[in-house]
Amino acid sequence: MADTSDATQKPIQVKLVLLGEAAVGKSSVVMRFVNNEFQANKEPTIGAAFLTQKCRLEDRVLRYEIWDTAGQERFHSLAPMYYRNAQAAVVVYDITKAASLEKAKSWVKELQRQANPNIVIALAGNKLDLVTGQASTPGTSAAASSADDEDEADDATATPGETEEEAGSESLRQVPKDEAMAYATEAGLLFTEISAKTGEGIVELFTDIAKKIPIEHILASRGAAAGGAANANRAPAVNLNETSDPKNACAC
Amino acid sequence: MATISTHLRNFKEPTKEQAQRLFFSLPPNPPPEDVGPTDYRFEINAVLMLNEGQEDSYAGKLYLLPPYLCFVSLDRRSVKMTMPLSAIRRVERVNHGRAGVFELGLMLWHGMRLNIQLTALRSTADAFCANLRDALKIQLDLGRMKQVKQFVKTCYSEVLIPVSNPEADNEREDGSIMTEGGDGNALAKTTYHGGLGLTFKFPGDAKKLREGSKLKLWTTYLRAHGRNLTLLRYPHCTRLVQVGLPNRLRGELWETLSGSIFLRFSNPGVYEKILRDNAGKTSTSTEEIEKDLNRSLPEYSGYQDEKGIATLRRVLTAYSWKNPELGYCQAMNILTAALLIYMSEEQAFWLLEVLCDRLLPGYYSPSMYGTLLDQRVFESLVQRCLPMIHDHFHDVDVQLSVASLPWFLSLFINSMPMIFAFRIVDCFFCMGPKVLFQVGYVSLSSILKINGEKLLSIQDDGAFISLMREYFASLGESAHPKATDPRSRAIIKFQELLLVAFREFSIINDEMIENERRRYRGEIVHSIESFAKRAAIRNLSSFGRFSKDQIGLIYDNLFKALVVAPPPPPVMTKRLIPGTDDEMERPETRIELKTFRIFLAEIATWARDEYVVSNGFQERVERRVAEHEFVDRLFFFWDINHNGALSFQDLVNGLDGIMFNDLMSSIEWFFTLHDKDQDGWLTKDEVLVLSESLLFIFRSEVGDAYLGTVSRFMTNAFEYGDALLPEEGEKMSPIPNEVSANTELAPSLPSNQPYLNRATFRMVVLADPLLEAFFDVDLPRSFKLQPVEDSSAARGQTGLGLLGNVGGFLSSFVTDDNKKIFNSFVDDMGKAIGKHQVTVRPSINQHERNLALQEPLKETTRHLQRLRSQSSLTTPTSSTPSGVSASPMSSQSNLEKAPLVPPTSAGLKPAPVLPSPFTDVSPLAKANAAAAAVMENRQAFAIDEAGDEDDLDDSDLAELSGDDEGMMAEVDAFLEQNDASVGAR
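In order, the protein sequence lines correspond to chains A and B.
Per UniProt numbering, the first sequence starts with residue 1, numbered consecutively.
Per UniProt numbering, the second sequence starts with residue 1, numbered consecutively.
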């Protein structure tokens with residue numbers, strides 16, 4: 001998913017922040033996306049963990065700078081430090097825990113009021129693996145889950161839009177998909193259900209975000225200044241004065 | 001809404017004694033039995049000599065702070081001693097035969113001999129000795145001396161330096177130095193505490209760390225300067241800490257240097273007891289802890305093992321039970337994991353307490369204000385000392401704290417290679433929090449030096465983090481790789497970092513940090529509080545019909561009430577019922593009745609008693625919270641979920657239910673409020689209660705028009721109620737026959753007999769123009785959302801003493817306490833010159849004026865006014881001179897109003913007795929004068945006057961006091977005569 005053999009390409013930096021209640025699996029989502037692995041998190045989250053991942057979208061290379069914030073309530077007041085200037089946010093909730101959607105909604109509200117006005121927000125219901133015994137959204141995540149050998153990895157064969165209550169193993173589910181989706185549509189968010197454990201939907205999630213980000217706008221405002229963060233010392237002279245909008249000043 | 005915390009408002013600068021205890025790392029609250037019945041604290045100049053002058057002598061100050069004896073050298077840096085009295089074995093007067101020298105010889109547990117010359121007057125020295133003797137006796141009687149022997153066995157240093165029984169033999173035993181901890185025999189004899197490192201190996205290469213020679217140096221030091229409980233800190237100690245502690249001694253020295261050893265010493269068995277008492281219990285904290293156990297130093301082998309994980313779990317859990325308000329905060333797991341490598345669970349537990357309570361205050365609290373504050377302080381230090389970095393970061397909008405926050409929160413443990421981080425922790429426990437600032441600061445400046453170009457070309461947070469990571473990862477590399485001299489090539493970056501931090505940047509000292517903290521505290525508190533407010537408002541599910549600003553005012557008033565009467569700790573609602581959905585799981589601040597009364601008093605005019613106090617100099621309104629069954633009724637009425645407590649949302653909903661009401665809905669609301677079983681009928685008792693509620697609301701109104709109205713209401717209600725009764729019998733289908741049979745037998749009605757229905761109530765109300773006006777306009781408007789005065793409170797300097805002390809022309813620059821003193825002083829003066837008067841301010845009819853301004857007077861209102869003015873003409877006003885509550889006049893007026901109000905002056909503080917030239921005047925004459933003053937200054941009809949007093953501001957007050965120019969001469973005379981007493985106050 002995330003290889004950039006094309007060395008000539010200058011990655012476009014996208015600051016992305018993950019928010020959501022504690023233990024909904026934010027860190028796991030990032031681990032899945034960045035390392036394509038599911039494990040007990042080895043990166044203790046203090047304030048926020050910072051990871052990067054490159055990602056190809058059509059002919060462009062994006063470099064996600066991911067801020068995986070601490071979910072503990074008391075870190076809430078620190079969150080603005082991480083979501084300011086972010087171009088994208090993934091608000092994660094746990095589909096087996098109704099309260100986590102409420103918290104997600106409150107994050108969305110906060111982002112819409114306090115964050116960068118152009119921020120792309122995606123709502124992601126995690127832990128899909130817990131409710132998909134036989135039912136699941138189609139496995140378009142083949143690329144991501146190729147390395148998976150988790151139990152449910154290959155069970156992804158079901159029709160989209162199926163009402164969740166019909167499935168037998170839905171008993172754990174507390175948030176109906178249509179309900180969350182209706183909310184997301186109303187609030188103008190991207191929406192998907194994912195599983196960090198199986199990898200289902202993870203790459204699609206980040207791809208959808210990438211598609212929705214006004215890349216042209218970023219490129220345009222960035223002007224001539226360019227350079228990858230991996231070799232930032234090659235581009236020491238980014239002209240600050242050109243970037244009136246600091247959110248786009250992500251050239252290194 | 002989550003939780004609303006007001007504890008930031010309660011911050012107080014430490015008192016002198018607290019500051020002393022902090023300085024000497026003493027437990028904050030010594031047990032009373034250890035302190036003794038009398039105050040033995042003593043402070044005396046002294047010269048400290050160790051082991052008969054083998055070491056340098058230091059002049060300084062000796063403090064007796066039972067149960068500790070402390071000393072600090074004059075420079076407050078070189079020598080420091082904190083000695084539990086129980087570690088002192090013998091005290092003797094040393095007789096040098098020299099006159100004027102008062103010297104004490106102290107024999108300590110570990111056999112050191114401490115000579116202390118008391119350089120003070122003989123009498124002072126004698127007094128000190130007496131106190132010391134008594135304080136020592138208390139310790140002896142408590143058996144503390146015996147505890148020492150058991151306790152020191154838990155310390156590794158006892159293994160390192162074996163001592164023959166010091167009680168029997170004060171001679172030193174010249175045993176050989178046991179460099180490798182004596183795994184064999186010594187271990188068998190003593191049960192010293194140790195960490196996971198003993199089992200899972202310590203991080204780092206022991207050879208590279210030069211464990212052996214470090215241990216040897218420490219052994220020498222500890223032998224001469226005491227150890228564990230008796231450690232003396234001489235300059236050499238700090239130097240040894242700076243080169244890094246040996247792994248085996250690290251845990252013990254951490255607890256000794258930080259002072260947590262004293263907590264462990266004075267609380268034996270407490271840790272185990274907490275674990276026992278809370279075994280099997282769970283809480284939010286335990287759940288949060290569980291999630292983080294596997295991500296706490298996972299690279300250390302001890303935490304890949306269930307044994308290590310269980311150790312960590314127990315310590316964190318025990319602490320969350322010990323300090324439930326703090327509970328658990330991420331980053332504590334990392335710290336604790338680090339501690340546990342070097343120390344036992346019990347040791348780590350008490351060190352965690354010292355960390356959270358003293359060394360990193362407020363870092364892990366629910367608001368994390370300490371973290372935010374120190375980040376702000378750090379930023380300001382960088383701004384001052386590294387302006388280049390600061391300006392660049394400012395330009396490209398990079399925030400320093402994205403990188404520096406974890407440094408401070410986890411003492412660099414997560415940020416740099418462990419072995420280096422532990423050395424910073426060594427220094428931190430020895431020298432205090434300034435170390436974090438110094439290291440953070442020097443790291444930045446080193447990067448600036450090494451790689452300035454890169455640092456100054458950073459464009460975003462991510463690049464900054466990466467650069468910092470890169471630097472910290474390279475700390476093990478040579479600082480001068482190109483140097484020709486192999487010795488300077490061998491210096492690694494980390495060594496240089498520490499060196500620079502402690503040598504060049506000693507400018508960052510405790511005092512400076514304290515000053516900076518003081519400077520930014522208000523700002524941080526304010527931003528946390530406004531953040532919390534925004535979040536609370538955002539999380540409301542409904543605003544009702546309120547605007548966002550109005551909701552903000554409701555929140556402000558709620559917050560103010562919370563400051564005055566803090567709520568119980570937030571509870572996990574419905575937590576204990578298994579199987580319920582977890583939507584209610586999040587803790588939420590809910591207020592109890594006590595807080596609600598204060599909240600309501602802020603909002604509803606009738607829920608407070610307002611006294612207009614004027615004394616010829618100033619006029620102020622003093623508010624007191626009214627207590628009445630009606631307020632309690634409202635509380636339970638708004639508590640729709642029967643939680644016994646109200647949330648912010650409940651308050652918003654409750655206020656929404658009345659503040660926008662018109663005549664009919666107000667009547668409906670009032671009826672429902674008193675209809676306990678909600679069956680649409682009031683019982684006779686409920687009608688009585690409702691009448692009482694009306695009387696309560698009207699208690700402060702001028703004249704007896706309202707009193708008359710209420711009695712008319714009762715007459716009418718009972719008339720109609722009785723008339724309804726026969727019909728009632730038919731309607732009583734739900735009530736069983738036996739009950740109705742009873743009804744007929746008993747002459748009085750049973751308490752649950754439906755009596756008055758809505759329609760009848762409405763009719764009775766509408767029959768009375770005054771009541772109609774009340775329900776139409778006055779009642780909804782008696783709820784007013786007003787901005788909370790925030791001047792002194794918001795800055796967090798003082799707690800709110802008085803509830804909303806409005807007015808006083810000095811209010812802008814006096815604290816609440818001073819204001820109180822000032823007020824009572826001017827009251828006294830006012831009394832003396834016969835200008836003092838206290839008026840109860842009406843709570844209802846003050847709205848009339850506003851009404852008149854806003855719309856043409858309604859017929860009813862005019863009628864109302866007529867009624868009021870009539871009554872004012874015929875009856876005395878309710879003005880009551882204060883200070884003459886015993887006078888016949890006052891009791892008379894009280895008598896007249898007896899059914900209406902509680903005695904107006906009962907709640908008033910008796911005026912402090914001031915010696916004054918007027919004391920010879922008989923009370924009666926004074927009363928007469930006061931009464932005359934009252935008549936003279938009597939308010940005109942409350943309708944005209946009282947309405948706008950809410951808006952009194954400073955200029956009004958100045959005017960008021962300015963009016964009384966003629967009086968100033970008198971005042972001056974009074975002041976002159978009272979000068980002495982004023983000064984004394």
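Possibly wrong hints are sitting among the right ones.
As the list claims (entries may be wrong) - One-sided excerpt, in silico: chain B residues whose CB lies under 7 angstroms from chain A:
1) 279
2) 281
3) 330
4) 366
5) 368
6) 399
7) 409
8) 417
9) 419
10) 465
11) 531
12) 533
13) 539
14) 543
15) 544
16) 547
To be verified - To be clear about the criterion: a stretch of chain A counts as covered by chain B if any three or more of its residues have a C-beta under 8 angstroms from a C-beta of chain B, and this derived list gives those stretches:
17) 28-37
18) 52-62
19) 88-96
Bear in mind the hints are in silico, worked out from the structure with no lab data behind them.
Glycine residues also receive a C-beta, built at the ideal position from the N, C-alpha and C atoms.
To see whether the hints hold, each was checked on the structure:
1. 279: violated, 24 angstroms
2. 281: Because about 20 angstroms separates residue 281/B from the closest Cβ in chain A, which is outside the 7 angstroms limit, the hint is violated.
3. 330: Hint holds; residue 330/B Cβ to chain A Cβ min 5 angstroms, cut 7 angstroms.
4. 366: Since the shortest Cβ distance to chain A is 5 angstroms, the answer is holds.
5. 368: Since chain A brings a Cβ to about 6 angstroms from residue 368/B, closer than 7 angstroms, the hint holds.
6. 399: holds, 6 angstroms
7. 409: holds, 5 angstroms
8. 417: violated, 15 angstroms
9. 419: With a closest approach of 18 angstroms, the residue 419/B hint is violated.
10. 465: Given a least distance of 5 angstroms, the restraint on residue 465/B holds.
11. 531: holds, 5 angstroms
12. 533: violated, 12 angstroms
13. 539: Holds, about 5 angstroms.
14. 543: Since the shortest Cβ distance to chain A is 13 angstroms, the answer is violated.
15. 544: violated, 18 angstroms
16. 547: violated, 16 angstroms
17. 28-37: violated (count 0)
18. 52-62: violated (count 1)
19. 88-96: violated (count 0)
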